[in-house]
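Using the sequences plus the hints, can you model the full thing?
Residue 1 is where the sequence shown starts when you use the UniProt record's numbering, and the numbers rise one by one after that.
In short, the hints are calculated from the structure, not lab data.
Per label pair, the in silico range of CB-to-CB distance:
id, residue 1, residue 2, range
1, D193, E310, 28 to 38 Å
2, K132, T402, 13 to 23 Å
3, A398, E248, 23 to 33 Å
4, E248, Q434, 25 to 35 Å
Since this is a predicted model, take the numbers as computed values, not measurements. Think of the CB as a built atom: it goes at the ideal place given N, C-alpha and C, for glycine as much as any other residue.
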Amino acid sequence: MKVGVNQMQNEIEINWQPDASKPMPVYQQIINYCVARIQSGDWLIGQQLPAQRQLAKQFGVNRSTISKAIAELLADGVLTTAFGGGTRIASNSWSTMMTQSPVNWQDYMMSGEFEANQPVIQQINDFEDHAKIRLSTGEIGPDLFPKQLVQRAMVAAAERITNLNYLPPMGLDRLREALVTRLAKWGITTTADNILITSGSLQSLQLIAVSLLEQGATVYTTPASYLRSLRVLQSVHAQFKSLPVDTEGLQYWHIPATGGQRLLYTIPTFDNPSSLVMSAQRRQDLLQFAKSHQLPIIEDTAYQELWLDERSPQPLKALDDTGNVLYLGSISKTLAPGMRIGWIVGPASIIKRLSDVKMQTDYGASSLSQLVLVELLNDPNYDQYLTDLRAALRQRRANAITTLQRELGGIAKWQTPQGGFYIWVTLPETVNVQQVFTEAAKQGILVNPGSVYGASATHSLRLSYAYATETAFSQGLHQMAELIKQQLPA
Numbered sequence: 001m002k003v004g005v006n007q008m009q010n011e012i013e014i015n016w017q018p019d020a021s022k023p024m025p026v027y028q029q030i031i032n033y034c035v036a037r038i039q040s041g042d043w044l045i046g047q048q049l050p051a052q053r054q055l056a057k058q059f060g061v062n063r064s065t066i067s068k069a070i071a072e073l074l075a076d077g078v079l080t081t082a083f084g085g086g087t088r089i090a091s092n093s094w095s096t097m098m099t100q101s102p103v104n105w106q107d108y109m110m111s112g113e114f115e116a117n118q119p120v121i122q123q124i125n126d127f128e129d130h131a132k133i134r135l136s137t138g139e140i141g142p143d144l145f146p147k148q149l150v151q152r153a154m155v156a157a158a159e160r161i162t163n164l165n166y167l168p169p170m171g172l173d174r175l176r177e178a179l180v181t182r183l184a185k186w187g188i189t190t191t192a193d194n195i196l197i198t199s200g201s202l203q204s205l206q207l208i209a210v211s212l213l214e215q216g217a218t219v220y221t222t223p224a225s226y227l228r229s230l231r232v233l234q235s236v237h238a239q240f241k242s243l244p245v246d247t248e249g250l251q252y253w254h255i256p257a258t259g260g261q262r263l264l265y266t267i268p269t270f271d272n273p274s275s276l277v278m279s280a281q282r283r284q285d286l287l288q289f290a291k292s293h294q295l296p297i298i299e300d301t302a303y304q305e306l307w308l309d310e311r312s313p314q315p316l317k318a319l320d321d322t323g324n325v326l327y328l329g330s331i332s333k334t335l336a337p338g339m340r341i342g343w344i345v346g347p348a349s350i351i352k353r354l355s356d357v358k359m360q361t362d363y364g365a366s367s368l369s370q371l372v373l374v375e376l377l378n379d380p381n382y383d384q385y386l387t388d389l390r391a392a393l394r395q396r397r398a399n400a401i402t403t404l405q406r407e408l409g410g411i412a413k414w415q416t417p418q419g420g421f422y423i424w425v426t427l428p429e430t431v432n433v434q435q436v437f438t439e440a441a442k443q444g445i446l447v448n449p450g451s452v453y454g455a456s457a458t459h460s461l462r463l464s465y466a467y468a469t470e471t472a473f474s475q476g477l478h479q480m481a482e483l484i485k486q487q488l489p490a
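Now the structure itself:
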């Protein structure tokens with residue numbers, strides 16, 4: 001059904017209110033009323049509903065009632081939302097079904113183990129593919145993707161394929177052997193039996209949560225942490241506690257010697273979002289502390305290969321002689337997040353336990369992705385690709401720092417990262433970062449506000465120089481700077 005622009009812009013009129021004395025719940029009365037108006041053609045596909053606050057006033061109910069009604073209409077596809085575009089009529093094809101006592105999916109949705117993602121993260125996810133300039137994206141840009149290298153690996157993998165059946169529980173043997181060789185370059189001595197292939201680092205974290213942690217376990221992280229942007233530990237109701245940081249890394253000595261099950265999550269090399277690098281001495285001291293206090297450590301090394309100035313210190317796992325460290329690796333940052341391949345390195349007993357749970361969950365990571373990745377890792381040109389990638393990121397970092405100095409010098413604070421993708425920018429307290437995020441999105445520019453990473457980071461934002469070209473980064477940051485300067489005192 002096509003609707004003219006003028007029709008779509010007409011305001012929706014509401015001159016009805018639910019009857020609280022009726023046995024039917026008020027929110028269901030509102031749903032039925034909306035469906036009837038859509039079915040009759042009074043409300044047209046594409047028309048925008050008033051804001052929830054206004055709807056609550058017009059219907060004479062509280063906002064929670066409106067939220068519940070809107071949630072069900074969204075779940076059934078009658079309404080839709082788009083970041084910056086409000087709530088609109090999406091369809092009239094479900095109307096007749098909904099008037100016949102539909103299943104109350106809202107009750108089911110509220111019963112699941114997983115909570116909804118942070119609203120800001122939902123907005124970022126919804127808007128990311130439509131943004132003109134992506135200063136938020138933790139991926140290499142399309143222009144940096146090694147197309148020929150990957151194509152060659154795909155051809156080589158195709159020539160070897162005899163089937164695409166399930167692989168062994170711990171993953172493709174050849175891939176785990178290839179990882180043993182590559183990990184040795186970082187000083188990690190291990191075997192294929194100590195490696196589990198996962199569907200990315202995110203699944204690695206989830207497997208650890210459901211396989212190894214008890215309810216209410218305490219997880220120590222930095223004040224602004226990538227882990228806080230995720231919900232993977234909520235299945236065990238993990239309790240997050242922040243550790244102070246200094247120029248050498250997190251201050252592990254604030255972890256108490258006792259107090260129930262606990263572990264430390266850290267990205268010691270180019271932390272996300274701060275890009276901080278833990279010093280070699282701090283790493284050694286941390287491992288000694290973990291050894292004497294029986295402290296498990298999850299070491300996330302997603303950015304380990306992306307050093308730009310000098311090769312970073314050895315990973316914690318290379319120094320671990322007691323099995324305290326579970327090492328998480330991934331190709332999501334160095335190559336392709338869409339391949340969904342990561343790995344865990346740890347004691348054989350732990351790897352066996354995690355692989356058993358993984359098989360119960362999905363019967364293994366993608367066979368095709370594993371076959372392609374082993375060809376990539378064994379390609380003699382793969383290391384040259386990493387060298388070229390670091391050179392390109394080094395150039396983009398230089399442009400980003402120059403642009404920041406030009407646009408926000410004297411206003412914002414930041415440190416030049418030694419590697420990885422991100423610059424952690426802190427703005428004056430008078431600047432409302434959430435408002436900057438919202439206004440920038442309206443201009444087609446996407447950034448990650450600091451609130452995603454923790455309550456202590458509401459005056460910060462994370463900029464990525466990895467995805468956007470230098471020209472796009474400079475243009476986007478200029479527009480961002482104008483929005484920031486509008487909030488500064490005259």
